[in-house]
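Protein sequence lines correspond, in order, to chains A and B.
1 is the number of the first residue of the first sequence in the numbering used here; add one for each residue after it.
1 is the number of the first residue of the second sequence in the numbering used here; add one for each residue after it.
Each hint should be verified, as a subset may be incorrect.
Said to hold, decoys possible - Covered stretches of chain B, as calculated for chain A (at least 3 residues, CB under 8 Å):
id, stretch
1, 4 to 17
2, 194 to 203
Claimed, not checked - Derived DEER-like restraints, expressed as beta-carbon distance ranges:
id, chain 1, residue 1, chain 2, residue 2, range
3, B, Ala76, A, Val114, 43 to 53 Å
4, B, Asn14, A, Ser190, 26 to 36 Å
5, B, Ala76, A, Pro90, 39 to 49 Å
6, B, Arg201, A, Ser190, 19 to 29 Å
7, B, Asp77, A, Lys140, 53 to 63 Å
Hints are computed from structural coordinates only; laboratory data are not their basis.
No experiment lies behind these values; they were computed from the predicted model shown.
No residue lacks a Cβ here, since even glycine has one placed at the ideal position from N, Cα and C.
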Amino acid sequence: MRKTRWTNVRESAIRAFFFTCGILTVLVLLGIFATLVATAVPAFRDITPSEFLLKTNWDPTSPEKAEYGILSMVVSTLMVTGGALLLAVPIGIGVASYLSDVAHWRVREILKPVVEILAGIPSVVVGFLGIVLFGPLIAKVFHTGHGLNAANGSVLLAIMALPTIISISEDALSAVPAAYGEASLALGASRWQTLVRVKLPAGLSGIIAATMLGMGRAIGETMTVLMATGNARSFPHGFLESVRTMTSGIAIELGEVPYYTTHYYALFAIGLVLFVMTFAVNMAADVVLRKYQEKER
Amino acid sequence: MNPENLQVKIKAENLDFYYGANRALKNVTIECFDKKVTAIIGPSGCGKSTFIRTLNRMNDVIPGTRLEGKILIDGADIHAPDVDVVDLRRRVGMVFQKPNPFPKSIFDNIAYGLRINGMKNKRKIEEVVERSLRGAALWEEVKDRLNDNAFSLSGGQQQRLCIARALAVEPEVILFDEPCSAIDPIATAKVEDLIEHLKTRYTVVIVTHNMQQAARVSDYTAFMMLGELVEFDRTEKIFTNPANKLTEDYITGRFG
Ligand SMILES: Nc1ncnc2c1ncn2[C@@H]1O[C@H](COP(=O)(O)OP(=O)(O)OP(=O)(O)O)[C@@H](O)[C@H]1O
Ligand SMILES: [Mg+2]
Numbered sequence: 001m002r003k004t005r006w007t008n009v010r011e012s013a014i015r016a017f018f019f020t021c022g023i024l025t026v027l028v029l030l031g032i033f034a035t036l037v038a039t040a041v042p043a044f045r046d047i048t049p050s051e052f053l054l055k056t057n058w059d060p061t062s063p064e065k066a067e068y069g070i071l072s073m074v075v076s077t078l079m080v081t082g083g084a085l086l087l088a089v090p091i092g093i094g095v096a097s098y099l100s101d102v103a104h105w106r107v108r109e110i111l112k113p114v115v116e117i118l119a120g121i122p123s124v125v126v127g128f129l130g131i132v133l134f135g136p137l138i139a140k141v142f143h144t145g146h147g148l149n150a151a152n153g154s155v156l157l158a159i160m161a162l163p164t165i166i167s168i169s170e171d172a173l174s175a176v177p178a179a180y181g182e183a184s185l186a187l188g189a190s191r192w193q194t195l196v197r198v199k200l201p202a203g204l205s206g207i208i209a210a211t212m213l214g215m216g217r218a219i220g221e222t223m224t225v226l227m228a229t230g231n232a233r234s235f236p237h238g239f240l241e242s243v244r245t246m247t248s249g250i251a252i253e254l255g256e257v258p259y260y261t262t263h264y265y266a267l268f269a270i271g272l273v274l275f276v277m278t279f280a281v282n283m284a285a286d287v288v289l290r291k292y293q294e295k296e297r
Numbered sequence: 001m002n003p004e005n006l007q008v009k010i011k012a013e014n015l016d017f018y019y020g021a022n023r024a025l026k027n028v029t030i031e032c033f034d035k036k037v038t039a040i041i042g043p044s045g046c047g048k049s050t051f052i053r054t055l056n057r058m059n060d061v062i063p064g065t066r067l068e069g070k071i072l073i074d075g076a077d078i079h080a081p082d083v084d085v086v087d088l089r090r091r092v093g094m095v096f097q098k099p100n101p102f103p104k105s106i107f108d109n110i111a112y113g114l115r116i117n118g119m120k121n122k123r124k125i126e127e128v129v130e131r132s133l134r135g136a137a138l139w140e141e142v143k144d145r146l147n148d149n150a151f152s153l154s155g156g157q158q159q160r161l162c163i164a165r166a167l168a169v170e171p172e173v174i175l176f177d178e179p180c181s182a183i184d185p186i187a188t189a190k191v192e193d194l195i196e197h198l199k200t201r202y203t204v205v206i207v208t209h210n211m212q213q214a215a216r217v218s219d220y221t222a223f224m225m226l227g228e229l230v231e232f233d234r235t236e237k238i239f240t241n242p243a244n245k246l247t248e249d250y251i252t253g254r255f256g
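Using the sequences and the accompanying hints, generate a full structural model.
Next up, the structure:
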């Protein structure tokens, strides 16, 4: 009798503990969001939201008229991130397919840790690569004066997103039951057809998750783009122009801005927009995943 | 071993198969006759699956394996350099032990084999899907839910779906590797009926652990042990008057 009661108490204590852990993550998220909102909102005493979101000029320190349009930065962020995904997703899926489907197990044994090491390279080092390697390369190939532009940022972010995309896609592909592949081959499908028509669709949920995580990595990355994209404030018209992303915009100015000014609050408002963007990406991923899983059932 | 003067569809000659150093088939020589059901029986691990998988070269995909000897289908060596393994597998279909439909709709499961072969005509695909499902005695049960996911079917239905999927590409031979071991008795009876029916059009090779099943569905039976073919004969003969003592012991349940 006594023992049961003790077990019950312990049960509920354990349950309470895990419940608290779960709640804590939600609280942290809410806390970040609340702080961000609270610090961002005062910016809109002086700026209208439409001006903030739709104007392209950002010049808070102008002696005549301070301007707070973030559209250039938003577009820059989307360009650099989009470009990175355009490079990283096909390559990542290709490498993942190679690792799970083609590579000899010994090659796989060597390559997988290499991919993981790639993930651990500090962003400063990647940014450095952009300055000394990809920048000059891009300048040479496309005959631009320097290579510090959106294209450079995309390449670097692709490199940084690749390990995530590769390893999660590879897990997803390896988790596809071998029986699917056998069934396909036995029907007279080639290995390529089997990969493209059976294995990739079966692993799609994981591949989408991998892409979204890779995107999350890219969209919020600061140091690399700060170093490699040139940080021009003008509205970008192509990948060979210098751009300033939202993250580098915040990073550059937050150190020097006087506290509690409109400029200061506006930087937090940029952060808020970035937060909402990543949140939207994750929600979208979630919806896609859920739809897909429903279909699978 | 061909009393009725039947046409030989598959012939294995002095077949040896190695998984690394492990020799799983030892000098197996056997003939499977056209439009007959050949059952392969024998204790677990004796090489039944290995043998049947050599017939459509499914073992090719397992690294570190080696095959010696010859397999002829319609007199042609399936390992000849000019043989396209993809084409071979189209001619020699396979149904696996566990039902393994794709995570796709019932319709798409069957259409898959057609689409990979480049068939695009929708009407034609629908036609073949229906014909295959009828051929696998599944049409009546699924005709109103072709777009449902294949996983929504029962295990027995899934297995018949896999049979239908194999039929859709119009093979000449169908290999069954213990097709009933993962489904219930009623579903088993249905699959057995089906196999009975299939031999009017196809050459069937079936691996089974179930002696009654071998006796019921097959015309010829091969008994294997430890990678060797012990005895091969008409099914009645094997089950009523086996020539080899080992065969007799096995079918009377004295071991295995
Ligand atoms: N993929 C593999 N790699 C290495 N050895 C294998 C592999 N598959 C089978 N073997 C070995 O080959 C031998 C024959 O196996 P096989 O699967 O052909 O037997 P089986 O008669 O089908 O048995 P069961 O009735 O249990 O299915 C066994 O010794 C087994 O361990
Ligand atoms: Mg087996």
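Here's how the hints hold up against the structure:
Three residues within the 8 Å Cβ limit are the bar, and the stretch 4 to 17 of chain B against chain A gives 0, so the coverage statement is violated. Counting residues of the stretch 194 to 203 of chain B whose C-beta sits closer than 8 Å to any C-beta of chain A gives 0, which falls short of three, so the coverage hint is violated. The supplied range of 43 to 53 Å is met by B:Ala76 and A:Val114, whose beta-carbon atoms lie about 45 Å from each other. At roughly 30 Å, the beta-carbon separation of B:Asn14 and A:Ser190 lies within the given 26 to 36 Å, and the hint holds.
About 41 Å separates the C-beta atoms of B:Ala76 and A:Pro90, a value consistent with the hinted range of 39 to 49 Å. Taken as a hint, the range 19 to 29 Å holds for the pair B:Arg201 and A:Ser190, whose Cβ atoms sit roughly 26 Å apart. In this structure the supplied range 53 to 63 Å holds for B:Asp77 paired with A:Lys140, their Cβ-Cβ distance being about 56 Å.
Checked against the numbered hints given earlier, the structure breaks hints 1, 2 and satisfies all the rest.
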